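Trainee: Can you make the complete structure from the sequences, with help from the hints?
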Amino acid sequence: MSRMSREFGLVLLGSGILTAEYFTAPSPEDEMEKKADEQAAERTGHPAHHRSHYGHVPLFLFVHSPAYAGNKMGRPASYSPTTRAGGFGGAGRAFSGGGS
Amino acid sequence: MHRMAVTPRPDWQRKVEALGLHFHTLDGVPYWDESACYTLSRYEVDSIERATYALWEMCLELVQHVIDNRMFGLFLIPPEFEEIVVRSWDEDWPSIYGRFDLAFDGVGPPKLLEFNADTPTGLVEASVAQWHWLKETDDRGDQFNSIHDRLIEAWTATKAFDPAPIHFAAIEGNVEDYITVEYLRDTAIQAGLQTAYLDIEAIGYDTARKRFTDPQNRVITTLFKLYPWEWLTKDTFAPNILTAGTKWIEPPWKAILSCKSILPLLYQLNPDSPFLLPAWFEQPGFGSYVRKPIHAREGANIQVVRNGVAEEETDGSYDTSVCVYQQLSDLKAHDGMYPIIGSWVVHGWACGIGIREDSRMITQNTSRFVPHKMSD
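The listed protein sequences derive, respectively, from chains A and B.
Per this note's numbering, the first sequence runs over residues 8 to 107.
Per this note's numbering, the second sequence runs over residues 213 to 588.
Rather than coming from a laboratory, the hints here were simulated on the basis of the structure.
From a predicted model like this one, the values you see are computed outputs, not experimental measurements.
Using N, Cα and C, we set each Cβ at its ideal position, and we do this for glycine too.
Incorrect hints may appear among the rest.
As the list claims (entries may be wrong) - Simulated restraints, written as ranges between beta carbons of each label pair:
| id | chain 1 | residue 1 | chain 2 | residue 2 | range |
| --- | --- | --- | --- | --- | --- |
| 1 | A | Pro88 | B | Leu481 | 48 to 54 angstroms |
| 2 | B | Asp258 | A | Gly97 | 44 to 50 angstroms |
| 3 | A | Ser85 | B | Pro496 | 54 to 60 angstroms |
| 4 | A | Ser85 | B | Asp374 | 22 to 28 angstroms |
| 5 | A | Ser85 | B | Glu294 | 31 to 37 angstroms |
| 6 | A | Gly97 | B | Asp542 | 39 to 45 angstroms |
Mentor: Okay, here's the thing in structure tokens:
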């Protein structure tokens, strides 16, 4: 039988950045990104350069994976002129979510 | 298996929120409920583990059977998607996880109620929140739970299969789905993968490159989506799935296993299995059974028929024109609550459980998650 054998950490959910306020505040992006910047600066000693819609993403990426920047959905998208979006999600719109 | 009343931790809401479980209360009623817990003996956990491995093996054999016999119509898989289902199976595209929902009375063998093979949730609760609950309330206690470790292992194997960055996507605005995806992304990061999140609505299709891209114009080579295959194949971009070259997690062959048509087919293929309830494609003329739409979720549009009379039915927006029928399993009530065991299989490992309970026999998305521990 397999059981949990050790303590473990969370790099995103346990970061303290993803808070309930994110889901309840009318416009959470600014506050979340500010908090992400502050925490990134605390950990690294200098300001974070990347921010995103979800705030916590760049903190992690800044600390762990600077080569692959997070999705900056709070900023203007930079799709190529030959790209269109919005082709997924339509079938699920009538339902509360995709999980089961 | 016993249900025990226990005292919730002071400030439990803040504690579970710190782990990402912001949806602990729904309409003012706790969804995460630590005013009780279930205790299971080692024998009972062994029974669940054994059933989970057996069911997983039967499911893999079923996929091969469906492919060999071109039975895709039973699962409402569009004909144009059959090739990618087969290819994802033959090329062994990575699969991360699934959750068997089991009826279990602690005495007889666990019985499969359904398999959430494509987009299971309840993951943060089972993997993280109940473990922290256990360590705070009973530091020496044990739990059937190595989900987190196995997830990292699954992503490590995925990285070996293809080390490309992985995009993670969920429907915009759904907290539970978003947290589930972020937790999975968390474990992928810990396996050394490069990742990014985007809403599924933000996925773009570049007609010049014929590839899916993210809002930063990066090609999506591998995508984890908490969005079921039966929806993907109906969306505007569905035809592009076949040519865009994206690897999908969960893979297209999970479109077979996530459909409730597996229930009668599993029973046909394994009539003597102690872990299966009799199930049929045709409505029985008598007896006690449960009608399940083949693509409904979260306990919606379920009808319970007892002795030929409809006894209970849940609301929902799902198509009920195609259903399967499964023999009614009389769940054992504990303090008036009916528990369902959600048994997780991650990277082929039976690695933990989460228990949801309801005062009704039908478990729905409002049913409470109650933590568990082992009694010896």
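Trainee: Going through the earlier hints one by one, which of them does the structure break, listed in rising order?
Mentor: none
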